[in-house]
Amino acid sequence: FIIVMSSTPLKIYGPAGSTCTMRVVWTGLEIGHPVETINIDFSKGEHKGPEHLKRQPFGKVPAAQDGDFIFYESRAIARYLIEKHANDSKIQLIPSDIKQRAILEQWISLESTTYTPEITTLLGNWFKIKYGGQADAAASEKALANLQRDGHVLNDQLGKHQYIAGDHFTLVDIFFPTYMWYIRDTDEIKKWFASFPNIEAWFKRVTDRPAFKDQLLPQLFNL
Amino acid sequence: MSSPLKVFGNPGSTCTLRIVWAGHEIGHPVDIISVDISKGENKTPEHLKRQPFGKVPAAQDGDDLVFYESRAITRYLIEKHAATDSTIQLIPSAIKDRAIMEQWLSLEATSYSPEIYVLLRNWFTVKFGGQPDTNALSIAAANLKRDGHVLNDQLGKHLYIAGDTFGLVDIDFVPALWYIRDTDEVKQWFNDHPNIAAWFKRVTDRPAFQT
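Top line first, the protein sequences correspond to chains A and B.
Mapping the first sequence onto our numbering, position 121 (from 1) lands on 121, and the numbers just tick up by one.
Mapping the second sequence onto our numbering, position 177 (from 1) lands on 177, and the numbers just tick up by one.
The hints are simulated quantities; they were obtained by calculation from the structure and are not laboratory data.
Treat the hints with caution; some may be incorrect.
Have a look at the derived ranges for each label pair, beta carbon to beta carbon [what the hints assert, rightly or not]:
#1 B:Glu46 - A:Gln215: 41 to 47 Å
#2 A:Pro218 - B:Ile95: 26 to 32 Å
#3 B:Tyr117 - A:Asp41: 30 to 36 Å
#4 A:Gln162 - B:Leu65: 30 to 36 Å
We put the beta carbon where it would ideally sit given N, CA and C, even for glycine.
Just need the whole structure built from these sequences, with the hints factored in.
Written out as structure tokens, the structure reads:
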């Protein structure tokens, strides 16, 4: 007979509170295969130390380890985690139908190349202000202008569907809000939400999910 | 026999080029329907229904799928035909090989291409008689210099970006670089990173690209 061994959790190097690491942690919680996070201490420069650079040559987080297999990029790690557990997940975050997958890939492409770069600018400035650095007001202004220009497409989609890629919660609904979470109360995001109420409603909907609210939130930074 | 994927775009556009190249590589060329940006055809209500940002390309497969984003379209084209043709190897079957592919696809879209696109836009501006943004150019060149070693090291160990087989990552990476291959910035980048230069020649020498 066959003994089914439960696999050891995927090791993730990076604090759960880091925006990119959060994507992977949330994915694991949603599918019922939580990952194991191993802290990388930025204040001690651990991310630039030789050991971490072997895992992630840019000195960033997260990196993942499965046995001897090491790789990085949060979107790649989240995908791997999903594929690895394709047959025993609580929820299907990547559709099996190729045409539905095409729509998901369209939105992941938009997330990573159109929307998130602007949100990253806002996040970077927010962080600088919080820690007493010089913020780049012009850059924030431009980022918000771009979000205002492009928001209608996402807003229209979320007027027709509950979630970004359709009527089911999918991987892109994880990729997107993790970058927005820390800056959700800034003037810029409040303005964006005010201009695009469907986006705000979706953001509340997805961050209300038990996996996010009850399991992920307690692991995040108190910022 | 399924009919070819309809692609609304511009054979000269870097993004459309990804899809066209992939189609040739897998022996399933796509059907390009020209959208002439100089005539404003990308801003017609008809096109905006396909691509609400007014950009190219967009794709249509049958009556029930209209979508956009070249990386999504290229992926779809390959997956669709790989499902019935196991000789198509642009996306690996083994899960760990796919993870490495996804890692490099992510790096292409979020680390390298944003800088390459700054260079491309400037090249385009200058080509049409405008003034280059030297500040933006030097920042992009500096970022590429800072991050080039990772790609260069990888291409020192492997013939192609995600491993030893030509794949989707190589296709996603090349088109923007192709147009600006003779600029000072890219020449310098290739000079500083000889494995990247060698890889670029290797992949653009492929018959499907030459087509």
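Fill in: In rising order, the numbers of the hints this structure does not comply with
4
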